[in-house]
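Undergrad: Taken in sequence, the protein lines are chains A and B. Residue numbering for the first sequence follows my numbering, starting at 1 and increasing by one per position. Residue numbering for the second sequence follows my numbering, starting at 1001 and increasing by one per position.
For the record, the hints were derived by calculation from the structure and aren't laboratory data. Since we're looking at a predicted model, the values are computed, not measured. Treat each hint with caution, since some may be false.
Unchecked claim - Looking from chain A toward chain B, a few residues come up when the C-beta cut is under 8 Å (computed):
1) W160
2) L161
3) A697
4) G708
Stated by the list, open to error - Using C-beta positions, here's what the derived DEER-type ranges look like:
5) B:K1047 - A:S379: 21 to 27 Å
6) B:T1010 - A:E436: 19 to 25 Å
7) B:G1145 - A:G599: 32 to 38 Å
8) A:E562 - B:L1006: 28 to 34 Å
9) B:K1047 - A:G599: 24 to 30 Å
Glycine included, every Cβ here is placed at the ideal spot set by N, Cα and C.
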Amino acid sequence: MSNDFSQFQEAFFEEAGDHLAIVEEGLLALEQHPDDLDLLNKIFRSAHSIKGTSGMFGFNAVAQFTHKMETLLDLLRNGQKVVTLEIADLLLKSTDCLKTLIDAAKTGSPVDGDTVQRLTVELATASNTKVEASAPPSTPLPLTPNLSRCFHIAWTPPEWLFQRGLDPLQIFKELANLGTLSQVAVDTSKLPELVAMDPEKCYLAWTMKLETVKDRQVVDAVFEFVREDSKLVIEERESLSVKREAPESGRECEAFESGTKTASRETSAVDGAEPKPLGEILVESGIVSRETLDHALAQQKRVGQILIEQHAATPQQVEQALQKQKQQESASQSKKTDTASIRVDTAKIDKLINLVGELVITQSMLSDLGSRFEMSQISVLLERMAQLERNTREIQERVMGIRMLPIGTAFSRFPRLVRDLSAKAGKKIQLVLSGEETELDKTVIESIGDPLIHLVRNSADHGLEPPEERLDNNKPELGTIRLNAFHEGGNICITVEDDGRGLNRDKILAKAVKQGLIAENEKLSDDQIWPLIFKPGFSTAEKVTDVSGRGVGMDVVKRNIEGLGGTVSIKTALGKGTVFTLKLPLTLAIIEGMTVRVGKDTYIVPLLSILESIQPKAEVMKTVIGKGELINVRSTYLPMMRLYDVFCLQPEYTDPTKAILLILETEGERVAVMVDEILGQQQVVIKSMEQNFRKVAGVAGATILGDGTVGFILDVRGLLEMSRQSMLVAA
Amino acid sequence: MAAATLETATKELNQQIGLTTDGSQYLTFQLGEELYGVDILRVQEIKGYTTVTKIPNTPPHIKGVLNLRGTIVPIVELRTKFGMPTIDYTMFTVIVVVVVQDRIMGLVVDSVSDVLNISKKDIQAPPEFGAKVDVSVLTGIGKSGDKLVALLNIDRLLTESEMQEAASVADA
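Okay, chain B solo, but in the shape it has when bound:
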């Protein structure tokens, strides 16, 4: 909950200083045909894909770790995380480096698309799919023109699942 309040606080602050008008800016990226967005304030940088070092005994979506100017940064393969088939990396494959609760993590995505301004009224609550799709990793569905952007709740996406995996590995 603390993260959520922080997020709204940041948003309010940004509105006050005129960074955004209403709603937020989102960095959008492509996974297959789907478009995803993360709050741009959470993005530290975007870098081209370089080889990572696999971490032993970690779930498949943890691609490995990377040396980001001297810091060890874990890299999450978002396709695997969402259960999509993996594809060969192309020159468009990039790592989006995000900050999640004081931790730095990298997301491997097919390509980055754009920075979109999505106002609050264009964001609707994530739809319910039942058990088939876990929508808890989404903060909402955003509309920008005729594009549909699934807005990711990266705090939930990256930390909670990490802790679970850690426990399950330890159990094994």
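Chain A on its own, in the form it takes in the complex:
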């Protein structure tokens, strides 16, 4: 029944997040180009937007802090100050602080007041302005009410209150958020006879007591939208002195929605959410004493206990049920904090709107035809039906595509992270990002953030050597961490690569033996050794730094990625570097695919795995041991695989010189796959086979083709393994 301000607040938090990202990005770039005025202006604009909107929503702490930042930024902008490393660092730290302040406003989590205070001072010193005498920035959360002030508020809202769509309950709710609202009493004396009453007019007035730590301004601000024409008296710590209109009659009535005869109610009831427990009311009205109540409450049993005593359920069952309840509670809580909204590229929306337009046209064409249909027009009908089908399918696919976001959003935080890490570890590190435009599902992007952070930290802290050591080893002083994302074989691969010292086989082995993970004289291959670093508590770092070394990170990486149904693999060379490859299934992803035909069947090959396609001549084909077929492509011999062999299909051609060979690459391996014909290229939405069926070897997923039938997307890696297995069987 209320028009909740919270929906606007959500938009604010989202926007603030975006602005913060711009500020941070800009500051990082500013370090490199301190004279870039455009950049400064951009940062300033974003900071200013945060200040403006946060002030409007009453997040004063945020607004005040941003104002300090803005002052400094303004000086920089006007050329009165020069961007130095210290200033950039201070601004970055302030951005972090701002982030926590905004988070605090959002979730009510506690704020480290000292940091805020310190940074405020630093910002002020940097901009040479005076700090207001140690006024601690007020935090936007309800604190313990020992510092609280007491306000008596008398409010007679204007008659037009309801006409303008304002809800007094909303005001009470906001007041209750500020502190403890009590003694709320409604004055119904102006309420006319029912016949004379205009339901759109507000005849009520309220008095209340508010205990809060907030300033008067904050309390004032609550009435911001209703102040006009209101009679509002807010008094601090004094007994209430309200100019009440002389009561016309003795009638007393509650707010419109309830007909109870009590003129005053406690706020919690006004909130509409939680009425007081029975016991409390009994105590308040003096029917029972508090001791009696406490005693009675102590005797009260929990439902589970009662059930167990009555042998209706076993303790274990109750325990399980309780666990479940807890899970659901925490699930609903986590849902609350994670606002499920998505920002979509306008181009995507525009396309969707165009498509809907087309759909409407097709629909009107069809209804036009339907109203005067003759059998002779059947071909027209069919044509239009086909068009309708095409439209609908395209819209379906586009809508699915809305969930897709470029992975760049997950990568964007790393420049900052690496900058801080390199400063902390005293190493020179450059970060190279590529494949930021790779699209993947929003949920996947959200969940790979943490694992990636752990991996990048790991690379920076353990992987890369200190500059002296690098120079000693004839490596460039500047270490490189490379983040790359790409689609491969129906998966999304994200690699974190460093050119550091690589994993030390002996060190890991020794540690593993020490921790009792493996026996002393166990012989392990490299591929068996590397995964040991994913074991919880495993770390070969000599000392624990605040960045890493506790042996937690890699465990988290593996668990998170496996939770998403993905895998982590390691490639490393001592002294040269390490590559971590995260492979994630793409449940909803759209990929570019090449449709190929074998006999009557259509398959889709991920475009990214295709290097080239050729029609071979007889002389480039060779066999080994009579069975293994090789093909010479520009003087490299590649194994050849006949798709119809692997999939047991009826091909059109069995002679490779008539067919087409696709040269595919996966994880550095190449293979030539023989198909009958290439049909074309199209974007396909990957559909899960596992949802209703199971994993099919050699197939990464299914998709819906242009004619509405299902096509399979080839899993190049899987095909390779299948062909190897069949080779083994054949050999």
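For this one, chain A is given, so just place chain B on it according to the hints.
TA: Coordinates of chain B only, in the frame set by chain A:
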């Protein structure tokens, strides 16, 4: 076992809300001369036969997959599954789309016949044929008038066998 308890729970619930009196309603369909029934609550929809896409390296009774409004649904040819000879599809050939443990699957049958109310007392336990016929896929034999309906345990019919096949394909 969980599926079985769920099934009885659903049945009880239906009795409570008056959907069925006693026993259950069954959708019956024809395979050759034989009449089969599946619990109607497990049937999502019935659709005419359309061409399916064959899945490579799957046993013959897995006819292929179908696009059911954007979901990929595997289609099982029930005749092949039961070792009956295949016949040409006619205009009566339909796909019965059923829900099996959160999965959606389609069964190709010769034709659908009727929805029958079979009370519990008219259902007898599946008879024993020894090794010749696997009766574990039946929940029982139902009588409705002079008709005999073999009531299918689709959970067992579709999932367990699927997993076995998956293993055998992987072994090959």
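Undergrad: Does each hint hold? Answer for all of them.
TA: Verification of the supplied hints:
no.: 1; hint: W160; in the structure: violated (50 Å)
no.: 2; hint: L161; in the structure: violated (47 Å)
no.: 3; hint: A697; in the structure: holds (6 Å)
no.: 4; hint: G708; in the structure: holds (6 Å)
no.: 5; hint: B:K1047 - A:S379: 21 to 27 Å; in the structure: holds (26 Å)
no.: 6; hint: B:T1010 - A:E436: 19 to 25 Å; in the structure: violated (50 Å)
no.: 7; hint: B:G1145 - A:G599: 32 to 38 Å; in the structure: violated (48 Å)
no.: 8; hint: A:E562 - B:L1006: 28 to 34 Å; in the structure: holds (29 Å)
no.: 9; hint: B:K1047 - A:G599: 24 to 30 Å; in the structure: holds (27 Å)
Of the numbered hints given earlier, the model fails hints 1, 2, 6 and 7; all others are met.
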